[in-house]
Each structure stands twice: as structure tokens, then as C-alpha cells.
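Student: Below, each chain spelled out in residue letters.
There are 2 protein chains.
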Amino acid sequence: MATDQARSESEGTDTYDAFESRVERIANVSNAAGVLQWDQEVVMPDEGTPARAKQLSTLSSVGHELLTADETGDLLDELESSELDEEQTAVVREVRRRYDRETSVPQELVAEISETTANAHPVWKRAREDDDFEEFASTLEKLVELKREYANHIDPDEDPYAVLFADYEPYLDLETAERVLERLRDELVPLIDAVQDSDADLETDAFAGTFDDDDQEALARDALDSLGYDWDRGRLDTAPHPFSTGTQFDARVTTRFDPDDLLGSITSTIHEFGHANYTLGLPDEGYGTPLGEARDLSVHESQSRLWENHVGRSQAFWGYFLPIARERFPELESVSPEAAYEAANQVYDDNLIRTEADELTYHLHIVIRFEIERDLIAGDLDVSEVPDAWNDKYEEYLGVRPDTDAEGCLQDIHWSHGSFGYFPTYSLGSVLAAQLYAAAEDDQGEFGEQIREGEFGDLNGWLRENIHRHGKRYTTPELIERATGDELGADPFLGYVKSKYGDLYDLDGY
Amino acid sequence: MATDQARSESEGTDTYDAFESRVERIANVSNAAGVLQWDQEVVMPDEGTPARAKQLSTLSSVGHELLTADETGDLLDELESSELDEEQTAVVREVRRRYDRETSVPQELVAEISETTANAHPVWKRAREDDDFEEFASTLEKLVELKREYANHIDPDEDPYAVLFADYEPYLDLETAERVLERLRDELVPLIDAVQDSDADLETDAFAGTFDDDDQEALARDALDSLGYDWDRGRLDTAPHPFSTGTQFDARVTTRFDPDDLLGSITSTIHEFGHANYTLGLPDEGYGTPLGEARDLSVHESQSRLWENHVGRSQAFWGYFLPIARERFPELESVSPEAAYEAANQVYDDNLIRTEADELTYHLHIVIRFEIERDLIAGDLDVSEVPDAWNDKYEEYLGVRPDTDAEGCLQDIHWSHGSFGYFPTYSLGSVLAAQLYAAAEDDQGEFGEQIREGEFGDLNGWLRENIHRHGKRYTTPELIERATGDELGADPFLGYVKSKYGDLYDLDGY
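Chains A and B are the protein sequences, given in the same order. Going by UniProt numbering, the first sequence opens with residue 1, and the numbers climb by one from there. Going by UniProt numbering, the second sequence opens with residue 1, and the numbers climb by one from there.
I should point out that these hints are in silico values taken from the structure, not numbers from a laboratory. Keep in mind the model is a prediction, meaning the values are calculated, not measured.
One copy or two, it doesn't matter: identical chains are merged, so the pair holds either way.
Here are the computed lysine to any residue pairs in the SDA-like style, where the Cα-Cα straight-line distance is at most 25 Å:
| no. | residue 1 | residue 2 |
| --- | --- | --- |
| 1 | Lys54 | Pro283 |
| 2 | Lys54 | Gly34 |
| 3 | Lys54 | Arg96 |
| 4 | Lys54 | Leu36 |
| 5 | Lys54 | Ala33 |
| 6 | Lys500 | Ala208 |
| 7 | Lys54 | Phe243 |
| 8 | Lys54 | Asp14 |
| 9 | Lys54 | Glu24 |
Turn these sequences into a full structure, and let the hints steer you where they fit.
Tutor: Printed below as a string of C-alpha cells:
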């Protein structure tokens, strides 16, 4: 006969198994939707949209229903009062968080947000084409109201913008984001001023010319080969807006080729490699639960930016990769590694478009959006005031003023998705990338020599060991602390850019 | 105040709406699985399989649960005692049929079949590689038992093979299939004898040579262009086993290219076009319900075979298409349309492999499988007797005896899937193709002149009008009767092949 304790343990195991199988089903539905989205962006015929929208909507509602069902809540309650091991505790913590958020928002509101954003997309697109913010204003107003209401359901006692931010970054609280972004603003504005005042004469036309798409694709594959991309679990395709998606068994990269922008396709491919490489480093045996899922947006972005910037824009990398690029493009024969490095790190003066920004000015684009959306959600800024606020901030932080809203506050898609609180994660990702890279070099020594030889295994091994393999086992602050010995902070990033751009632009005092 | 009748009508409408929305969700889950399957066959990286299998298994169980939920049964009961219009009646009829079948089989048995077939596939594959039927025998035995049990749950009073057949062909009863297949056997065996005894000297090497894959692909696209494939709702890719999949918004074709088999890639592409073209002819507004879904396997196969054989293997088609093929392959300059036609319709003597068979012998391959699987399920044939029964029948019907089981009873994948009752639908499809083509020519006049000019619109218009647009509105016998004025029968097919092969092989009395 089983003792009481044995019976209780076995019941606990049964409960956990039932819970895990439920969680895995939810993940499978969500991963299936990921395949449909990849398909839509990459291979779906133009007129497939109406059916695809319905398929995705059904998968989304099926996933939501599985997550928010009473059975899920009952299992969570039971498990939270049971003895769980560390892994089980982490899975329960992550699912509880999603369960609480999704059950707190009424389905009618979710449906209204979903419908409003679906309709907002074409309105935003037309407003941008017409360069007329007015066309988008009432839609944006509606989205701000709906998202405030949404936040209020989740936590009526919390700053609604903090609640929205937590949709994208659940464990790094808003104070951390604010602290980092303010620091970036305060330090980068003078640094960019110094760069713009510099007399240094960078060679910036190393990649001027016209480059065949097929050869660019071959070179993008060379880059992925070099970095160690696992083609048995991945593929490369083109998409209008490059992205990466998938699971540890199948993590795909997309990129785009513009005949006038060879450098852009290389850096974009390396960026997406960083995302896919993180996904591929998640443990196989964790598939289907948070233990096999990537941490949130900032950590994901840290991986893409670490590879794009710390590797792909380094002097060492161009020492290694330029000869490979010359095999595809003999016209690069006359370009020196130094010139390639300088071209890859040029800071532009007339800096209006976020997605075209360099490593320095990028963060002021983010700071501007962050300050505006935070004030919008707080009700401290009216929608009608957005264009002026936007233009004033560009003038103040970047010394340029957009002539049009199309090049100004209408340039990004995010608000038309109702995504308020998303932008900061881009900068947090860069900051974390620098922090991780510094910690990896503290552990392993500098990677420059290896990179110059095309050896990326030690760096990637460190990331696998310290970030990838953990999935969502640790919260983001715990993960960062374990990997770097420190909380998230801007110092490593600022140290990195000051040194890099100080050298590039011969800046005094940097 | 609403009258009682108005209230009852409004309640009926609400009930139907709830039912329809449930049915649409089930369709969306199933169509999502279709996308995942396309992805797996066409673009998925090799190592994606474990995660994909789990995703597909979850979608399958989610769809099953939505269909078999008590709510579905309650809605069906309520609607069946309500006033419904013709379309609603058809939708309820189709869903009721699936509901009754799926609720009658215990989930443990479904899971056991699913697990057994998953494990059977590698066993069958290895047995075929090793040319050793014994390796597969006990697995086949198990599958036969499980499928008998399955059939018994659905209808214990019916011949279990008839129940299994109805999984693939719900409305054409087994007697119809038997009648047609016996007729084919009785008439084709002497016709094939006559062909094999003929002294006619066909030109059969028109497509001998080696043909570049890329040029073959370009030619496959030419063929699809010619036939009127809608590229805004479709695409062409390669797959090891060509197939077509999708919805009326997105119906994709796959094909394969073998440098030694140009003709094979053309006929295979046209075959899959026929499937996709049916799907694309389903009404947009029916998406998500049976009104927007294709009728079952035989009708689907009638569409692929009509285009592959009645169009793509016709003298008129080669008059039109050979000049197009010559543009891609100048080496075809010396080939005459007559020689191309003869090569496309050659009847082989040593006919062992179903998938390589011509239009005549194909059906004896099917008859053999039909007779064996029917006897297996009935318990009149033991699994251990399958190789001998197979070889004896090949000798009797086709005058050839396989030397190996790999070229004999292990050649097809179907039984390893537990698919007993599937094979007959291939021949029923051919028979129906001939019947439809004859009816279309009765209505519109002969299509030969149009085909010679590359005009396929009238033929396709007739198919759209008489078959495609109806979805599952009518049962299969109703659909055939409305389109052709007759029940399904072998006469048009037999008339077609006797005339065609009588001419090709100068046969007396044909």
C-alpha cells in the first residue's frame, strides 16, 4: 500500500503531467500560428489573406481558450500548493503570469482591440502615403483609449504604461527601462554632437555600387555558414520586413536584398541570425513549455544586436569577411577592411528614419517614441500634439526636424498595432548585448582574434551556456545577474560606443 | 412584439449562426494543419520533424474536440428539427455525418491507430528496402485488426470494408465501386492483351534525353500558365511526392523534376493542376463550411485525371504544347506532335509499379489492391498470404510476376497508413473524369479544336458550373447525376480508352 506521502507525490506528478500536457498543447497551437505567419510573409500567394486571417484568428482564440479555461486555473492553484522542483516552479510561474493577464481582460475588449488594430493598419498606411497625420489621429486616439482600458483591467493600481510595457517585458520593470533610457539620452546626445562636430574623414563609400540579388543571397548564405547557422534546423528566405521565427527544431531567417544596399543585407542577415541562433540554442527537451522558450523581447534583441553590432560591425569581422565578400563581388577588391569597417559604422547627420539609424542615434529614436507614448498613455499628451512633440524632440536630441509626418511620427507601424511599450525593448536589447559581450570577454578573453579567423564557437558557446539553454527558467533580472554578475545597466554599452566612436571619429575626451 | 413565428425564426438563425461559427473554426484548424503539412513536405528543414509532429497532433486533437463536443451534437439536434434552407441542410448533413463517425470511435482506439501507423511507416520503409515482407507482416496484421475494430464501432451491422471505404468516399457505396472495378477488370484485361499482342510500332522515345531541372520548371510554369492557373492564389514548388493542397484562396501545386523524365514532370504538373483548379473553383463565400469544400476523393481525382489524361495526353494538347516545349528544349525540334502523343500514351509490357502505369494498366493495379484489401479486412485472406495473392493476380491480370516484394506488395505507402479502402477512389476518379468529359462535350461540342489553340476556358467553365461551385452542396451521386444526367458508370471511360488505344495500336474490333 502506498504511504500517504507517496500517494501525495504521485498525485502531484499526475497533476503536473496534466498541466504540462495542457501547456504543451497551447505552445503547439501558438507555434502552428508561427508557421502560418512565416508562410504569409514569405510564400503565401497575394490573395490568400482572407482565409489566412481567419485561420490565425481561430488559432489565437483556441490558444486563448486553452490557456484561460477553468481547468488551467484549477491546475495552477493545485500546483502552487504542491512541492515542485525548480523547473516545475518556473513553468508554473510563467503560465500563471500569462493566465492572470489573459483572464483579467474581458473577451469583448480583446476582440475590439483586435478589430480596431486590424482596421488601423490600412488607415495608418494611407495616412503615411498621404503624409497626413490627421487621417490617422482618431484611430490612434481610439487605440490609446482601448489600451488604457486594457491596462486597467490587468492592474487598476499600476501606471497603465507600465502594465503595457510588461506585455513585452514582464520582469524588467518600467523604472529600469526609464533609468536606462534616460542615461542613454543624457550620454548619447553629447556624444552624437561630438561626432557631428568631428573633422574625421571616414571612408563611407566602401559599399557604393549596384549588387546583384542572387550574389547578395549567396553572400548572405556565406555569412550564415561562417557564423555556424544550422541549416538542418533553419533556412534563409526573403521578406519585405526581415524577421526570424520558429522553434529550437526549426528557426528560420529572412532577409531582403536591395541592389543599392549590400551592407544592409549583410547586417540584417546577421541580426536575424542572432535571433534564430538564440532560438536554436533552447533545449530540445524543453520544447512546448517555457523551459524551451526564449526569454522576452529585450533578451531576444540582445542576441540579434550582439551578433549584428559587436560581431558584424567590428573591425575584426571585416578583416575576416571582406575576402569572402570579394569572392562574390570582385568590385570590392579595392576596398580595405578599414574602409569596410568605417562604412559599417558611419553616423549620419540627417537622421530621420529609425530603421536606417546607426548604433548611436538609434537610441534617440527610441527615447523619442518612448517619451511620447508614455505621455500619450498617461494622458499628458494629446494625440493632436504628437506631430509637434515628435518634431521638437528630433530637433532637440538629434538636431534635425522632419519636414513631413511621413518621415516623422507616421514612420513606424507599431502604434497602428496598438503596441505601446514595445519600443524601449529595442534599446534595452542593445544595452544588454553590450553587457553580455563584455561579460563573455571577461570570462573568455577578447574575441577579436577569433573573429578575425572566422571562429565564433567560443562566443556562441558562452551564450548557449549562459543564456540560451535556460529558456525561461529564470526571470530576466535573474538571468542577467547570473550571466553578468550585475543588474541591467547602460555602462557597458556606453563604454563600448564611446570607445568605438571615439576612435572612429578621433574625439577628444572619449 | 415579435410573433411566435418570428421569434422561432430568429432563434433558428441564432442557432445556425452558432453552428456555422463552430464549423468554421473546425475548418480553420484543419486548413491550418494543411499549411503545416505543405510546409513539412516543401520547405521545412530536415530536423523540424519532432516539433512539427507535435503541432499537427495538437491541431488534429483540437479539431476533433471541437467537432465531437456536446455542443456540436446539441446544435445538430436542434437544427435537424428546425426549418433550414437548402444550403443549411447540406451543411448540417455533412457535419452530422462527420460528427456521428468521430463520436462513435473511442479516443483510445483513435490514439492506438495513430500511434501504430506512425510506427508502421518506418517499419514498412525498412521492409521495402530490405525486400522482406516478413518485417512488415505483423504490423500490417495489427493495422488490419485495428481498422476492423474501428469499422465495428462506426457500424457493427455493416461490412467493415464498406465502412472503411466510406471514410474516403462517403456517398458512393461499395457496391458501386465493386461494380465499376469488376467491369474495368473484365474489359481491360482483354484490351491490354490486345495492345500487348499488337504489331503497331509506336514512337515512344520522343522524350528520351536529359533535361535540365530549371528548364523543366520553366516549362511546368508554362503549362500552368496555359491552363489558366491563378498565380495570385497559387504557387508551384517541388516535393518528393507531388501533391496539391489548400483552399479556394490559396491552392498550391507541387511537382518533381527528374532529368530523365520530362514527360513525367509535365503530366504530374497537369495532374496536380487539376486538383488545385477544383479547389480554386470552390466559392469564396463558402470558405469554412462544406459549401466551400471539395467533394471527396473520387470527385477530386476526377478533376486531376480529366486534366492529366483527357487534356494533357490528347493529340490536340500536344499539337498546342509541343511548340512551347521546344522553346525550352530546342532538342525537341525533331519530335512531331504525333510522336509526342504516342510517347505520352505508351502501354508498357513489364508493368509492376502502379505509379508508373499508363491509363490502361493503372486500373488493374487498383483492382488487385482492392481485391486483396477487401479480403484482408473480411478475414478471407491472411496477411501471410498477401505476397502470393499479389503475385498471382499480377500474373493473371497483367501477365507479369514481381520478382521481389519491394516491386510487389510493399510498393505502396497506403497500407502502412492504415488506409484500407482508399485505392478504389483512384479508379473511380478516372471513370468519373471520362464521364464528365463526355458530358461536357455533349453540352459544348468537342474541345479538340480549342485545346489545339490553347483555349481551356470553355471546358473549365463547364467544370466550374457543374462541379466546382457546388462544393459539398450535393452528395456525390446527386452531383454526378446533375452534371452528367446519369449515375456513375464505366461506359464513358471504356468507350474513351477503347477508341484511343484502338487507334493508337491499330486494334481489330476496338
